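J.: Chain residues, written in single-letter form:
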Amino acid sequence: MNGTAVWTRAFDRPIRAVTRDPQAAVLAVLGIVIAYLSLSPTVMLLYGSFLSKPLGVPGTFTLRHYIRAYTDPLTYQLLLNSFIFAAGSSALATALAAIVGWITVRTNAPLRKLFQLTAIVPNIFPPVMLAVAWGALLSPRTGLLNRFAMQLFGLEEAPLNIYSLWGMIFVEGLITTPLAFLIVSASLYSMDPSLEESARVAGSTNLQIARRITLPIVRPALLASLTLNFVRAIESFDTPAIIALPARIEVFTTKIYREAIGAFPPNQNIAATYAVSLLLISMLFVYLYRRFTSHSERYVTVTGRGYRPMIIDLGKWRYAASGIAALILLLIVVLPFAVLLFVSLVSYLHVPGAKTWELLTLDHYRYNLTDSRTYRAIQNSLFLAIGGATICMLLASVTAYMTTKTKVAGRSVIEALTFIPWAFPGTALAIGLLWTYVYIPLPIYGTIWILLIGYITRFLPYGLRTMTSTVVQVHDDLPDASMACGAGFWATFRRVLLPLLRPGFIAGWIILATIFLREFSTSIFLYSPGSEPVGPLLYHFYVDGNLGPMCSLGVIVSVICLILIIVAKRLGRAGAQLDV
Amino acid sequence: MNLRAKGGWVLLLAGVSLLLIGGPAAAQPVNVDAAKKEGQVVVYGAQVPQAMEGVNKGFEKKYGIKVDYWRGSSTQVAERALSEFRAGKPGYDVVEGNRGVQLIMRDEGLFAKFVPPSSDKFPAKFKEKDGMITPWRALPISILYNTEMVKANEVPKTLDDLLSPKWTGKISMPDPTRHTTTAQFLWNLSKFKGDKWLDYVKALAKQKPILVESLAPVTTTIIKGEAAVGIAYIKYVKQYKGPVSYVLMDKYLTDPNYMSLSAKTTRPNAAKLYIDYICSAEGQKATAEEGEFPMLPGIVPPIKDAEKVVPGMIFMDNPSEEEFNKLMSTTFRQIFFNP
Numbered sequence: 039m040n041g042t043a044v045w046t047r048a049f050d051r052p053i054r055a056v057t058r059d060p061q062a063a064v065l066a067v068l069g070i071v072i073a074y075l076s077l078s079p080t081v082m083l084l085y086g087s088f089l090s091k092p093l094g095v096p097g098t099f100t101l102r103h104y105i106r107a108y109t110d111p112l113t114y115q116l117l118l119n120s121f122i123f124a125a126g127s128s129a130l131a132t133a134l135a136a137i138v139g140w141i142t143v144r145t146n147a148p149l150r151k152l153f154q155l156t157a158i159v160p161n162i163f164p165p166v167m168l169a170v171a172w173g174a175l176l177s178p179r180t181g182l183l184n185r186f187a188m189q190l191f192g193l194e195e196a197p198l199n200i201y202s203l204w205g206m207i208f209v210e211g212l213i214t215t216p217l218a219f220l221i222v223s224a225s226l227y228s229m230d231p232s233l234e235e236s237a238r239v240a241g242s243t244n245l246q247i248a249r250r251i252t253l254p255i256v257r258p259a260l261l262a263s264l265t266l267n268f269v270r271a272i273e274s275f276d277t278p279a280i281i282a283l284p285a286r287i288e289v290f291t292t293k294i295y296r297e298a299i300g301a302f303p304p305n306q307n308i309a310a311t312y313a314v315s316l317l318l319i320s321m322l323f324v325y326l327y328r329r330f331t332s333h334s335e336r337y338v339t340v341t342g343r344g345y346r347p348m349i350i351d352l353g354k355w356r357y358a359a360s361g362i363a364a365l366i367l368l369l370i371v372v373l374p375f376a377v378l379l380f381v382s383l384v385s386y387l388h389v390p391g392a393k394t395w396e397l398l399t400l401d402h403y404r405y406n407l408t409d410s411r412t413y414r415a416i417q418n419s420l421f422l423a424i425g426g427a428t429i430c431m432l433l434a435s436v437t438a439y440m441t442t443k444t445k446v447a448g449r450s451v452i453e454a455l456t457f458i459p460w461a462f463p464g465t466a467l468a469i470g471l472l473w474t475y476v477y478i479p480l481p482i483y484g485t486i487w488i489l490l491i492g493y494i495t496r497f498l499p500y501g502l503r504t505m506t507s508t509v510v511q512v513h514d515d516l517p518d519a520s521m522a523c524g525a526g527f528w529a530t531f532r533r534v535l536l537p538l539l540r541p542g543f544i545a546g547w548i549i550l551a552t553i554f555l556r557e558f559s560t561s562i563f564l565y566s567p568g569s570e571p572v573g574p575l576l577y578h579f580y581v582d583g584n585l586g587p588m589c590s591l592g593v594i595v596s597v598i599c600l601i602l603i604i605v606a607k608r609l610g611r612a613g614a615q616l617d618v
Numbered sequence: 015m016n017l018r019a020k021g022g023w024v025l026l027l028a029g030v031s032l033l034l035i036g037g038p039a040a041a042q043p044v045n046v047d048a049a050k051k052e053g054q055v056v057v058y059g060a061q062v063p064q065a066m067e068g069v070n071k072g073f074e075k076k077y078g079i080k081v082d083y084w085r086g087s088s089t090q091v092a093e094r095a096l097s098e099f100r101a102g103k104p105g106y107d108v109v110e111g112n113r114g115v116q117l118i119m120r121d122e123g124l125f126a127k128f129v130p131p132s133s134d135k136f137p138a139k140f141k142e143k144d145g146m147i148t149p150w151r152a153l154p155i156s157i158l159y160n161t162e163m164v165k166a167n168e169v170p171k172t173l174d175d176l177l178s179p180k181w182t183g184k185i186s187m188p189d190p191t192r193h194t195t196t197a198q199f200l201w202n203l204s205k206f207k208g209d210k211w212l213d214y215v216k217a218l219a220k221q222k223p224i225l226v227e228s229l230a231p232v233t234t235t236i237i238k239g240e241a242a243v244g245i246a247y248i249k250y251v252k253q254y255k256g257p258v259s260y261v262l263m264d265k266y267l268t269d270p271n272y273m274s275l276s277a278k279t280t281r282p283n284a285a286k287l288y289i290d291y292i293c294s295a296e297g298q299k300a301t302a303e304e305g306e307f308p309m310l311p312g313i314v315p316p317i318k319d320a321e322k323v324v325p326g327m328i329f330m331d332n333p334s335e336e337e338f339n340k341l342m343s344t345t346f347r348q349i350f351f352n353p
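In the order they appear, the protein sequences are chains A and B.
Count along the first sequence from 1, then add 38; that gives the number in our numbering.
Count along the second sequence from 1, then add 14; that gives the number in our numbering.
Please keep in mind that the hints were generated in silico from the structure rather than gathered at the bench.
There's no promise every hint is true.
[Stated by the list, open to error] A short, non-exhaustive set of chain B residues, derived as facing chain A with CB atoms under 7 Å:
1) 101
2) 213
3) 238
4) 316
[To be verified] Calculated pairs, BS3-like style, for lysine-lysine (alpha carbon to alpha carbon, straight line, at most 30 Å):
5) A:393 <-> B:180
6) A:91 <-> B:252
7) A:91 <-> B:340
8) B:255 <-> A:393
9) A:393 <-> B:127
10) B:103 <-> A:91
11) B:340 <-> B:103
12) A:91 <-> B:127
13) B:220 <-> B:265
14) B:165 <-> A:393
15) B:143 <-> A:393
16) B:322 <-> B:340
17) B:171 <-> B:220
18) B:299 <-> B:143
No experiment lies behind these values; they were computed from the predicted model shown.
All C-beta atoms, glycine included, are put in the ideal place defined by N, C-alpha and C.
Model the full assembly from the supplied sequences, consistent with the hints where possible.
T.: This is the structure we're talking about:
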């Protein structure tokens, strides 16, 4: 057989299949897009870690960077730090989430609905702001809470120091509590109450029920929350950037930052080496997470089983329960936001007192509202949020449909490919993307498009999660009926499926748009001065010590985020009405 | 001899005479109309944005050319400019920064030769022979302190005073493993201490200083009271609001900062006009108003005793790229991170 015949045979079958079957064509395109998005940064990250020359300069294969990285004793220290940090903060987040979840879902504590704000409000804050707020509260010398405690108890030394491993664990734990809450409360909502009722009938006390029945049932959710938050923390650069760098505690992400852009001269090869390790660790834990959740539910959602969880009467203890939930709400929402607002309205950070009246100012807001760099950053972030969330959700919709509702061959490959973005830490992905687009002769490197590609790749799993759970609920009869009436695949998708999927689409869109508007860990590596979004600008304000402009911009971004959510919800509703 | 050959001789003679005189490169005229047509100039600089506002607004008003200014520390500016250049996608027309990183960028081929006509009156010692980078401001470094926390009789008078136990944990300085100017500053202490400079650095590290990203946030940590004293540019006393002052000494290690024209700019005229404006009397006065010590003689910033600072300025030497690498990734990392 000659070469031409081989080629013809190799190409003939797929081409014929595509013309015959548009679903297969869509799947093929989808496969190529997702494979490209997830594989190109992975391959190029590895390439960079083995290359002898810096980013953009031709070089040869070398093991030098791995040898340098893994013969450095500091590497093992940072590995240990990263594990302590991630394990500690995920344990804290899961514990807080379990407490708030149990109180709000399962008890008759007064004001329990209010405490669910713990899970909602933080989604509009830029994540670096929470760390900055806690820095302002618990810095050893200037921390407002520290000073207050020193005055109150006549202490010589500040009792708490945020610039420590414990400080990092505390702040990251608070930042990741909302996600943990979603996972844990979903499982509390959907558990079968008859088991607990039987235990009660059999004479068990509340505590016994909690320990013997409730805990074992929610254990998979707790485990899922622990692993997912572990990954989130180990890949997070928000808290380490604000706390670990000044505290001189090295974790993976600070090391990658230091090597890639934070130090001079930059060494993106070494950064790639560390990023490869981080990617492997993260993949392992995401794999574990999927193992933990595969038996109960594929993705964490509330199932429609229609149980009403049993409400436990806490008697007089219900006020104590409310007090505890209120304290957590205070730590995660009220206190940080109050500090941000305060710092944004005074000339410089000080303990509030008589001096405050002299220092009150709107200068920081005036600065932000008249500064061209701020304007450009907000424009860039809005573009990324609206454009990125829309593209990402469209991609997620088609992928979710393909993987759950069709029986096209090859859909399992696509499912497997989405595993990579799931596990890709933002910092590692960014380094991989830098290595990719330096070599691709398209105007992407150094433009806003590299950020867009980075956001879509990294957060596609978030879109998929909402879309998959929505698509599953659509009954097969509806698209089948459409097809039977002669509509093609695209017409069915556009006119039948998309309207049915709208609630899920809007919900996912809101999640993505609000993440994109505030994104930091990936952006800090990928932006260039012309395409600077809000996250890196906030950080620049921070490193220059311009806390006032930073906090006022943080407040402005939170407001924009809120407006975006309201508008999206309105649009979703308006669209739904039009369909009727 | 034909005309072309004659021309060649003239050029050779001119070249030889230039070499013999060894003077600075000749100024190049700027085409204002072409600059206005280009309409915009993108500047990456290390100057804090609030201190660039006056001079940038002045330029925009005078020529109707928009200035897009992005601030990072000198180190970050160099990293961004180098990475973009190596990738063949430079987004900047002008790069501003201190001498150390400007020389590295120059050697990598990032800049094109340009000597602004307005820099004519700058002191000869600051002019570059190759005309690749143009000085425009000087940055003397001193000790800054919080005026509410440090009593007048306790203010440190020299860098050695910072080694007193009373300042342990209360000093703010940039992280010398991440900030080039600070690495350069510590290395240049040899001008005061000779061979013993490294001992001083080790003693300073033992004081457990609060390490920040660059010199600007040293000032804010002092204003907030997180640190009582710190090592930073004198100019920040004017550029940041709050209870902060500086120590008058007899000598200050000083860093000149430069403006350089990108070799790959698509807006060469606007970029040249911008650099020329910065060096003009108008630009230099606007610069001084913001607290800077400009290059044009006779202009000082509105900072108390600024005129006494000028004679004490000692310009720092520049480590080579390899020396920088060694200092930042080995020497200082061991001293400050593995004490």
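J.: It remains to establish, for every hint, whether it holds in the given structure.
T.: Hints, one by one, checked against the model:
no.	hint	verdict
1	101	holds (5 Å)
2	213	violated (22 Å)
3	238	holds (5 Å)
4	316	violated (20 Å)
5	A:393 <-> B:180	holds (28 Å)
6	A:91 <-> B:252	violated (43 Å)
7	A:91 <-> B:340	holds (18 Å)
8	B:255 <-> A:393	holds (15 Å)
9	A:393 <-> B:127	violated (53 Å)
10	B:103 <-> A:91	holds (18 Å)
11	B:340 <-> B:103	holds (29 Å)
12	A:91 <-> B:127	holds (28 Å)
13	B:220 <-> B:265	holds (24 Å)
14	B:165 <-> A:393	holds (20 Å)
15	B:143 <-> A:393	violated (54 Å)
16	B:322 <-> B:340	violated (36 Å)
17	B:171 <-> B:220	holds (20 Å)
18	B:299 <-> B:143	holds (25 Å)
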